[in-house]
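Chemist: Going by UniProt numbering, the first residue of the sequence shown is number 1, and it counts up by one from there.
Honestly, the hints are just simulated from the structure, not real lab data.
Computed from a prediction, not measured in an experiment: that's the story for all the values here.
Accuracy of the hints is not assured; some may be wrong.
Each pair of labels, with its calculated beta carbon distance range [claimed, not checked]:
1) Met69 to Ser20: 16 to 24 Å
2) Leu66 to Ser22: 35 to 43 Å
3) Ile46 to Ile19: 16 to 24 Å
4) Pro45 to Leu10: 14 to 22 Å
5) Ala26 to Arg75: 26 to 34 Å
6) Leu10 to Phe48: 27 to 35 Å
7) Leu29 to Pro74: 25 to 33 Å
8) Val37 to Asn72: 40 to 48 Å
9) Leu65 to Val37: 17 to 25 Å
10) Ala55 to Pro12: 19 to 27 Å
11) Pro12 to Met59: 42 to 50 Å
12) Gln36 to Arg75: 50 to 58 Å
Using N, Cα and C, we set each Cβ at its ideal position, and we do this for glycine too.
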Amino acid sequence: MAHPGKPMVLPPMFFVASISASLFFAAGLIGIFAPQVAPVLADRPIAFACIGAGAVLEMWAIAQLLGTMRQNKPR
Numbered sequence: 001m002a003h004p005g006k007p008m009v010l011p012p013m014f015f016v017a018s019i020s021a022s023l024f025f026a027a028g029l030i031g032i033f034a035p036q037v038a039p040v041l042a043d044r045p046i047a048f049a050c051i052g053a054g055a056v057l058e059m060w061a062i063a064q065l066l067g068t069m070r071q072n073k074p075r
């Protein structure tokens with residue numbers, strides 16, 4: 001439970017999840033739009049899996065952000 005005078009800070013896992021999501025999104029987009037840059041990502045299922053993993057990680061990061069905001073909300 002949050003202390004009344006001290007706002008709760010974002011957990012480090014928020015930053016890890018958000019940065020990982022960005023990297024997965026980037027990998028998926030490179031696989032779709034620039035397959036010559038990374039031939040390993042050129043396979044469509046791999047590229048879409050990267051985008052899906054990025055979306056899930058970003059939703060998790062947003063859930064952590066919303067939870068922290070709710071706990072810091074004045075009552």
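Chemist: I'd like to know which numbered hints this structure contradicts. Please list them from smallest to largest.
Modeler: Of the numbered hints, 2, 4, 5, 7, 9, 11 do not hold.
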